[in-house]
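J.: Sequence:
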Amino acid sequence: MSSSGSFFTKLTRSSSDSESHSSSSESHNLFRLLRRHPKPNARRSAAIGLTLSSLDPVSPRSIDTLQEPRPVSRGEILPLGPGTSGREKLIATEAILKQGVPALRFTHKKKSQRVLKISLADFTLSWTRDNRKSTNSLSIANIKQIRTGADAKNYREEFKVSAEFAAKWVTIIYLEKDMSKLKALHLVMSSEKDLSSIVGSLNSVITFQRELINNFLLDDNFLALQLGKMGLEAPEAAPGDSSEREIDLMDIVTGSLPVLSPRPQKSCLTFEDTLKITRQLHINLSEQYLRKIFSQIDTGKGYLDFCEFKEFVRVLKKRSDVGMVFRGLNYGPRLYFQGFLEFLVRVQQEYYDVEYAYKLFRKFAEPGDEPYMTAESFNNYLMSNYSSHLKSIPEDMTRPLNEYFISSSHNTYLLGRQVGGESLVELYIKALQRGCRCVEIDIWDDVTGTVPIVSHGRSFTSPIDLLLVIEAIRKYAFITTPFPLILSLEVHCSPANQLQVKTMMQEVFGEMLVMAPLDGVPKLPSPLDLKHKILVKVKKHQLREPWGSSFSSTSTASAFEELKTTSTEELRLTVSATSTHSEDLKFAVGSLEDQGRFIRKRRLQGIVTEELSALGVYVLGQKFNNFSLPESKTFNHCFSFNEKKLNSLLKDTVKRESVDKHNITFLMRVYPSRFRLASSNFSPVAYWAHGVQMVSTNWQTYDVGQQINEAMFSVGLKAGYLLKPKSLRTPRPKTRRRSVACHQRRKITLTVDIISGQQIPKPKEFKYDDEKINPYVELQVFGFTKLTITSHRLSDMTQLACLSDKRGGDDEGKDGMVNAAGSLPFATPTVFDNGFNPIWNTRFVATIEALNDLVFIRFMVKSGDAQIGLLMVKLDYLSKGIRYLPIFDLSGEEYIFSSLLVKIDYEIEVM
22 MSSSGSFFTK LTRSSSDSES HSSSSESHNL FRLLRRHPKP NARRSAAIGL TLSSLDPVSP
82 RSIDTLQEPR PVSRGEILPL GPGTSGREKL IATEAILKQG VPALRFTHKK KSQRVLKISL
142 ADFTLSWTRD NRKSTNSLSI ANIKQIRTGA DAKNYREEFK VSAEFAAKWV TIIYLEKDMS
202 KLKALHLVMS SEKDLSSIVG SLNSVITFQR ELINNFLLDD NFLALQLGKM GLEAPEAAPG
262 DSSEREIDLM DIVTGSLPVL SPRPQKSCLT FEDTLKITRQ LHINLSEQYL RKIFSQIDTG
322 KGYLDFCEFK EFVRVLKKRS DVGMVFRGLN YGPRLYFQGF LEFLVRVQQE YYDVEYAYKL
382 FRKFAEPGDE PYMTAESFNN YLMSNYSSHL KSIPEDMTRP LNEYFISSSH NTYLLGRQVG
442 GESLVELYIK ALQRGCRCVE IDIWDDVTGT VPIVSHGRSF TSPIDLLLVI EAIRKYAFIT
502 TPFPLILSLE VHCSPANQLQ VKTMMQEVFG EMLVMAPLDG VPKLPSPLDL KHKILVKVKK
562 HQLREPWGSS FSSTSTASAF EELKTTSTEE LRLTVSATST HSEDLKFAVG SLEDQGRFIR
622 KRRLQGIVTE ELSALGVYVL GQKFNNFSLP ESKTFNHCFS FNEKKLNSLL KDTVKRESVD
682 KHNITFLMRV YPSRFRLASS NFSPVAYWAH GVQMVSTNWQ TYDVGQQINE AMFSVGLKAG
742 YLLKPKSLRT PRPKTRRRSV ACHQRRKITL TVDIISGQQI PKPKEFKYDD EKINPYVELQ
802 VFGFTKLTIT SHRLSDMTQL ACLSDKRGGD DEGKDGMVNA AGSLPFATPT VFDNGFNPIW
862 NTRFVATIEA LNDLVFIRFM VKSGDAQIGL LMVKLDYLSK GIRYLPIFDL SGEEYIFSSL
922 LVKIDYEIEV M
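22 is the number of the first residue of the sequence shown in the working numbering; add one for each residue after it.
Honestly, the hints are just simulated from the structure, not real lab data.
A couple of the hints might just be wrong.
In silico DSS-like links for lysine-lysine, alpha-carbon gap of 30 Å or less [to be verified]:
1) Lys496 with Lys165
2) Lys297 with Lys138
3) Lys338 with Lys384
4) Lys666 with Lys682
5) Lys297 with Lys883
6) Lys132 with Lys496
7) Lys768 with Lys745
8) Lys785 with Lys313
9) Lys682 with Lys807
10) Lys204 with Lys739
11) Lys807 with Lys883
12) Lys181 with Lys165
13) Lys561 with Lys644
14) Lys739 with Lys174
15) Lys204 with Lys785
16) Lys552 with Lys682
Model, not experiment: these values are computed from the prediction.
Start from the sequences, fold in the hints, and give me the full structure.
T.: Have a look at this one:
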């Protein structure tokens, strides 16, 4: 067999060079087979950018027992590949680092030869042509997943590459430089050995980089290992001899590896060297501040030796905020077990038996006859999973489905705008990996009329094969949670293709697909009864559909109902508010009469066949006429409303009470208006308050509505099912006329001390290293009816403001709907030129009145007008006491090393 280099040389030589082609049958066959297949449809390609969410597989969680958390500090990253140390494996990457590895790259436009190289100078993976200087690259830190074999099957099939090359195919999913979208790099390697080499090397570099960032700031021993053989402190090493040295920080700074490029050992670190290290480790401190520390330590020499550099790191690591908190406990410089036990009860409000509390204490205390905690070991405890910012809440999965809120997605397949966005299989995978339990599938005929596809109807969105969607769902349906998955079908295809749909699901899902009631009993089972089962939500079969009747589509017939009650000017204002694209406005406004004729024509095509309708065993779509008809009492019916229709019902007192009563026993789904062309979201709070089980949001848009939606289901096992409050699932006496929601009123006293931040990243808008980050935190409350805010610095009590949200009071008195709008943002002072460890030391005090427990608070980290990261959390999920809060980027991805240190306390009084 030819070498990998000659392999790709032969792939690209002219066909007249018969000798070259015949010298490697494998090379020749690969190129011949790849050329045989047509280019993939650009509209179907999954290589297009994707709104961010981590696609790393998540191991299924145990749902039978609640295990105590293992002692893992925040920021700990497990290796993506086998083994435990990235440093130990980097030597094996010599060929890739020095010479590169050849590969064939696939895009939706072409396939081309490339050479892959890994650079430790800036932690990048690049791909370029041998004879060209231009290079494309990605940051290794931005790699979300590396898929090979069966995990990459759907990509390979998208590009119509034979299964013969499955063992050589790799897809690398990564974030663009601006961190706004996911992209995919599709490659066929010359051999399985090369595939193993590139995947293993990338895993090692990823692990090494994360170890470096984590341990450089936390572990002096790691620093000694990395800098100890740089010539700064290595008497046993001969000058210039680096063959046996470990890879160290200076190697990374200079971009060379000792195994590849031996060099004289450097005996010092200049300020420029030090500055480069801090920048690569995302230490966002001003150059002026770093130079001040450097000058204090180098005593005028202009450089640091090894011991001095250790002192430089020690000064950087010094946490005055932690020292302040530790001293505030009033236990002196050493915290012994009795003091720690009092801290758990008095401050953290956590109650453990003494034996468990002592074991916890010993895990972090300094060893000795009488163990104790210092400020540093106390901080290590706070950063561990033993001090989570979320409560451990017991979960009951034994109640009928109608008694749960269900994590639900609208237009699951759609990326971006509803008019011209991409349809991607990846979005189903993303939603399922984040715990979604109800996904939507819009099924249409393809251009030939013979194959069912997934698309957003007659818009400019791209289609995808239904089979690819079904296969992806089967693979990822229970990767995060074992509880039932609901497929919400919107059927627009022909009867013949509907038969194909049913056959596909039966063949792909097998026993997972529920085809008949469990044990033949006509009642809704529990999530526990339906573990690892797939349910289908589909419209009930009707022989004929008279004009004005409902239609299975949440994007068609219901849209016509909106159009019938929406004036052209109102529509224009709605679209203008949700989209900045002129083509969206033109598409949406047009002529209402033309839209009506378009929907009227499609209505006749959308009748669901009896065979497909039979799959709606537990979730059968039913046209809504009113709540008193017999079809409104069947155990498995489900009403679906667009937000405008449901809002209209909720404005009427009698109808609102009927909605509340219906949702105690039966299922309901609500979804965003079709006029949200930018795929924006409503706040789900108002609909949860009336017991709606499936409040479907656009998961591709991480706005306030989606932030609240994900925060709602982030507790406990993240199972995608949350038991509704007892008042929303218990039948009311017939004499009680008031709405269910009015019996959950509560008063909350909330105090939040925003102490400090850690390793706040620069906003993506900052393009240059010298741009200063001036962070501050805004705090907002969502889901209240009245809010009174008092704020003051911890050291200077100054009452600043008191506000009452009149909208909430008016909403409550007028129509009983919950006010889901956020409060005016409360902001800490700005800390200038310090994203590494800004200290705000600011207190937020509020008295909140709400109709229920659906109160959320959001921490938003900003620099100027630029948003950096956030945390949205349901208030009663928050653990009390001193906690580190994670920070998520504007697409919902957690910043691994960034956090906020806060102290939280609240009291809830049910009124």
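J.: Could you work out which earlier hints the structure fails to respect and list their numbers in ascending sequence?
T.: none
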